[in-house]
Every structure is written in structure tokens, then in C-alpha cells.
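S.K.: Top line first, the protein sequences correspond to chains A and B. In terms of my numbering, the first sequence has 37 at position 37, counting the first letter as 1, and numbering is strictly consecutive. In terms of my numbering, the second sequence has 52 at position 52, counting the first letter as 1, and numbering is strictly consecutive.
Simulated from the structure, these hints should not be mistaken for laboratory data. Keep in mind it's a predicted model, so treat the numbers as computed, not measured. Quick reminder that beta carbons are idealized off the backbone N, C-alpha and C, glycines included. Certain hints may be false.
Restricting the straight-line Cα-Cα distance to at most 20 Å, the calculated cross-link-like pairs of lysine to aspartate or glutamate (DMTMM-like) are [to be verified]:
#1 K41/A <-> E73/B
#2 K41/B <-> E44/A
#3 K41/B <-> D58/B
#4 K11/B <-> D7/A
#5 K41/B <-> E46/A
#6 K11/B <-> E80/A
#7 K41/B <-> E74/A
#8 K61/B <-> E36/A
#9 K41/B <-> E80/B
#10 K41/B <-> E74/B
#11 K11/A <-> E46/A
#12 K41/A <-> E64/B
#13 K41/B <-> E80/A
#14 K41/A <-> E74/A
#15 K41/A <-> E48/B
#16 K61/A <-> E48/A
#17 K41/B <-> E48/A
#18 K61/A <-> E74/A
#19 K11/A <-> E64/B
Quick look at which bits of chain B chain A covers, simulated, 3 or more residues with Cβ under 8 Å [as the list claims (entries may be wrong)]:
#20 39 to 45
#21 48 to 57
Only part of the chain B face toward chain A is listed, based on derived beta-carbon distances under 8 Å [to be verified]:
#22 Q20
#23 I22
#24 F31
#25 E36
#26 M62
#27 T76
#28 V77
#29 V79
#30 G81
Number of protein chains: 2
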Amino acid sequence: MARVVVDVMLKPEILDPQGQAIARALPRLGFSGVSEVRQGKRFEIELEGAADEAALADVRKMAETLLANTVIEEYTVRVEG
Amino acid sequence: MARVVVDVMLKPEILDPQGQAIARALPRLGFSGVSEVRQGKRFEIELEGAADEAALADVRKMAETLLANTVIEEYTVRVEG
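Just chain A, with the same shape it has in the complex:
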């Protein structure tokens, strides 16, 4: 059993209206000092076996085909301790 985390974020050059809405709401709520907010997705994937190279290659393929839209999003895969 191992947990792999896939973080999916919009590419930096893609406009993020959700993040902008949050950033604009913050001063109204009394928070200052934030220059930018970007919102993305986090997937926690529990593997039945170990997070070896083959399993991580599989997770990267899942990210490419199912979890991320690689036209506008980028993803990172990491094993969580």
C-alpha cells in the first residue's frame, strides 16, 4: 500500500478565473498581502502494491489520459510518505 499524489494545475499562461475570484475576495474579507491565487486539483491515489517505477509510470499515464487536460493543465506526480 502506497499513496501517490497527483497535483493538476492550469499552465501558468492559462487564465485562472477561479483563482482570480478568490484573490479579489480576500481584501473584502480583511486579508492583505496576497499577490496571486491559483486553484487546481489534487488526487490521492492509493496503490495496492508498492510505488515502484512501473507503478509511477502507470500513474503518470493516468494523469495524461484521465486526470489532466494536458492542453491547458500540467501535473506533478509524487509519492506521499
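Given the coordinates of chain A, assemble chain B onto it according to the supplied hints.
M.R.: Using the frame of chain A, we list chain B on its own:
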């Protein structure tokens, strides 16, 4: 300038239909060996200043009041190197 990441996930006892839909789609797409998937949100918050204790306390307050619904979600705050 510092980047703080807030991860928001449904509490473990809350049903996650999005994660379940992904987990069920995986075998159809040829992926095996995944026992569970949970989907959550990731926020990247760029601070104008340093990520000191006061700034992190502010981010935790943002998470409580704006980013997470603490009835059904839990969050973690961390500085990203």
C-alpha cells in the same frame, strides 16, 4: 515573495463520488492496482512578503473561511520551497 500551498480534501468519512468515478473508470482504461482515489483541491497562494508565522496564521484563516468547508473538508497549509 513566498508560495504557500493549501490542500483541501474531503474528510475521510465523507463520500467522494468524483474520486469513486475515477477509480471505477481506471480498469476500463486498462489500469489496475489502484484501490482508492480521492479528489480534492489545491490552492497556490503567492504572498507579497515572507511566509512567517503571522502570514501562515492568515492563510489558515483564509482556508477556514473561504477555501475549505470545514464541515465536510479538511485542509493542510505548507510553505512550498
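S.K.: For a quick check of understanding: which of the numbered hints are violated here, in increasing order?
M.R.: 11, 15, 17, 19, 22, 27, 28, 29, 30
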